[in-house]
Amino acid sequence: MEYLNLFVKSVFIDNMIFAYFLGMCSFLAVSKNVKTATGLGIAVTFVILITLPVNYLLDKYVLSAGALSWIGPDFAGIDLSFLSFIIFIAVIAAITQIVEMVVEKFSPSLYSSLGIFLPLIAVNCAVMGASLFMQERAYASVGEATVYALGSGLGWFLAIVAMAAIREKLAYSNVPKPLKGLGITFIMTGLMGMAFMAFMGIQL
Amino acid sequence: MDKEIYKKPLFLTNPVTVLVLGICSSLAVTVQMKGACIMGLSVMIVTGFSSLFASLLRNGIPNRIRIIVQLVIVALFVILIDQFLKAYMYDLSKSLSVYVGLIITNCIIMGRIEAFALGNKPWPSFVDGIANGFGYAMILIVLSFFRELLGSGTIFSIKVIPQSWYDAGYMNNGLMILPPMALILIGVIVWIQRSIQKDLQEK
Chain A
387 MEYLNLFVKS VFIDNMIFAY FLGMCSFLAV SKNVKTATGL GIAVTFVILI
437 TLPVNYLLDK YVLSAGALSW IGPDFAGIDL SFLSFIIFIA VIAAITQIVE
487 MVVEKFSPSL YSSLGIFLPL IAVNCAVMGA SLFMQERAYA SVGEATVYAL
537 GSGLGWFLAI VAMAAIREKL AYSNVPKPLK GLGITFIMTG LMGMAFMAFM
587 GIQL
Chain B
98 MDKEIYKKPL FLTNPVTVLV LGICSSLAVT VQMKGACIMG LSVMIVTGFS
148 SLFASLLRNG IPNRIRIIVQ LVIVALFVIL IDQFLKAYMY DLSKSLSVYV
198 GLIITNCIIM GRIEAFALGN KPWPSFVDGI ANGFGYAMIL IVLSFFRELL
248 GSGTIFSIKV IPQSWYDAGY MNNGLMILPP MALILIGVIV WIQRSIQKDL
298 QEK
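These protein sequence lines are chains A and B, in that order.
The opening position of the first sequence corresponds to residue 387 in our numbering, with each subsequent residue numbered one higher.
The opening position of the second sequence corresponds to residue 98 in our numbering, with each subsequent residue numbered one higher.
Hints were generated in silico from the structure; no laboratory data involved.
A quick note: this is a predicted structure, and the numbers were derived from the prediction, not measured.
There's no promise every hint is true.
Under the rule of at most 27 Å between Cα atoms (straight-line distance), these lysine-lysine pairs were calculated in the DSS-like manner [claimed, not checked]:
id, chain 1, residue 1, chain 2, residue 2
1, B, K218, B, K104
2, A, K555, B, K295
3, A, K563, B, K218
4, A, K446, B, K191
5, A, K566, B, K105
Derived Cβ-Cβ restraints for the label pairs, each shown as a range [unchecked claim]:
id, chain 1, residue 1, chain 2, residue 2, range
6, B, V257, A, A526, 30 to 36 Å
7, A, V528, B, K191, 38 to 44 Å
8, A, A526, B, K191, 38 to 44 Å
9, B, E299, A, L469, 40 to 46 Å
10, B, A212, A, L469, 44 to 50 Å
11, B, D296, A, A480, 37 to 43 Å
12, A, P505, B, G216, 37 to 43 Å
13, B, I255, A, M387, 32 to 38 Å
14, A, R523, B, Y267, 33 to 39 Å
15, A, S450, B, I165, 22 to 28 Å
Where is the CB? At the ideal position from N, CA and C, for every residue including glycine.
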């Protein structure tokens with residue numbers, strides 16, 4: 387039950403895009419048609435789902451204060467938490483590289499349509515943000531961290547696919563010229579964020 | 098040195114409203130002007146110095162692994178800033194929470210290193226980095242000014258809306274403090290800029 391609660395909370399209430407603005411760059415650039423958006427959404431969800439448990443274990447057993455005590459009592463006083471940014475980003479960059487190779491091998495059409503945005507998942511704030519939130523909120527077990535990873539990834543996926551669907555329809559409407567493209571996308575994201583605020587306070 | 102390097106990023110090619118970079122990490126810090134100023138300043142320092150160092154090392158970095166090398170350079174400066182904030186401004190660093198760490202993945206920094214620092218001498222790269230950081234800080238400050246003024250009636254936590262207004266029935270707009278309003282405000286800024294500079298409009 388706790389897991390389900392955490393899952394719903396991370397998909398709808400703590401949505402990466404609408405509540406924390408994470409991953410906006412690729413969200414704005416790739417949300418022009420539903421098919422590419424779906425591909426990128428799945429790739430990002432996948433990368434978060436793998437990197438977050440790995441970073442959780444690294445944080446728990448290597449980086450945080452006293453985490454090295456499993457080696458021996460001499461190591462108990464070491465606090466490596468200042469290294470966490472650099473370690474997290476290295477793990478994320480490495481895993482993104484692997485995902486890129488896998489996608490290139492098994493789905494060349496998706497690979498070419500995602501283009502530059504696939505390697506850029508490494509610097510997608512949603513991925514790094516999920517790891518940092520995991521560290522800040524100090525989840526109790528690796529299971530909780532994984533559920534949180536799945537939830538926030540799916541939340542991002544949901545947001546980008548919904549936005550792409552709206553933008554496909556928007557092509558036929560008459561938007562004021564200076565607002566066309568970027569401006570209206572920001573405002574729509576804001577309005578969708580307001581709609582998502584309706585989920586606030588849901589407890590299962 | 099070309100004056101364009103530091104003039105352009107402020108308005109013509111502003112990293113946030115024109116190039117659409119670096120929106121990710123920082124709209125959430127614009128609720129209060131103080132947080133926005135510190136965040137803007139931090140990003141300016143990181144962009145400037147990482148551009149400088151990337152440019153100094155540009156002939157020694159193998160092309161295939163350059164992204165990793167750049168990330169390490171950027172992460173170094175972000176760690177310095179984070180430790181500094183934790184040591185001297187603990188409360189503020191708590192309220193900025195994960196967003197200081199997210200400067201690493203701020204697209205402006207990587208974007209400027211890729212697009213400018215790797216092909217130019219150190220000094221122009223440094224100026225370019227600082228100018229882009231400033232263009233970003235400027236947007237943060239404008240946003241946070243309106244959000245704090247309309248949302249809590251204060252500027253830099255000092256009350257500016259007189260009590261007599263509240264007595265007469267004026268109310269703070271609570272929506273301004275919530276996340277969606279930051280997006281709508283930045284949409285409005287883009288709208289204003291594109292009404293002035295017609296060549297930026299999308300077909």
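How the hints compare with the structure:
1. Taking the CA atoms of K218 of chain B and K104 of chain B, the gap is about 18 Å. The hint holds against a cut of 27 Å.
2. The suggested pairing of K555 of chain A with K295 of chain B holds, with an alpha-carbon distance near 25 Å, which does not exceed 27 Å.
3. Proximity of K563 of chain A to K218 of chain B is assessed by CA-CA distance (about 39 Å); at most 27 Å being required, the pair is judged violated.
4. A hinted pair counts as satisfied when its Cα atoms are at most 27 Å apart, and K446 of chain A with K191 of chain B qualifies at roughly 21 Å.
5. Taking the CA atoms of K566 of chain A and K105 of chain B, the gap is near 23 Å; set against the 27 Å cutoff, the hint holds.
6. In this structure, V257 of chain B and A526 of chain A break the distance hint of 30 to 36 Å, their C-beta atoms being roughly 44 Å apart.
7. Our hint of 38 to 44 Å for V528 of chain A and K191 of chain B is violated, since their Cβ atoms are close to 26 Å apart.
8. Range check, A526 of chain A to K191 of chain B: about 21 Å between beta-carbon atoms, so the 38 to 44 Å window is missed.
9. Against the hinted window of 40 to 46 Å, the Cβ-Cβ separation of E299 of chain B and L469 of chain A comes to about 43 Å, which satisfies the hint.
10. For A212 of chain B paired with L469 of chain A, a C-beta distance near 29 Å fails the hint of 44 to 50 Å.
11. Roughly 42 Å separates the CB atoms of D296 of chain B and A480 of chain A, a value that falls within the hinted 37 to 43 Å.
12. A hinted range of 37 to 43 Å is violated for the C-beta pair P505 of chain A and G216 of chain B, which are about 20 Å apart.
13. Separation of I255 of chain B from M387 of chain A is about 47 Å and departs from the stated range, judged on CB atoms against 32 to 38 Å.
14. The beta-carbon spacing between R523 of chain A and Y267 of chain B, approximately 38 Å, falls within the hinted interval of 33 to 39 Å.
15. S450 of chain A and I165 of chain B have their C-beta atoms about 24 Å apart, which keeps the hinted 22 to 28 Å range intact.
Going down the numbered hints, you'll see the structure goes against 3, 6, 7, 8, 10, 12, 13, while the others check out.
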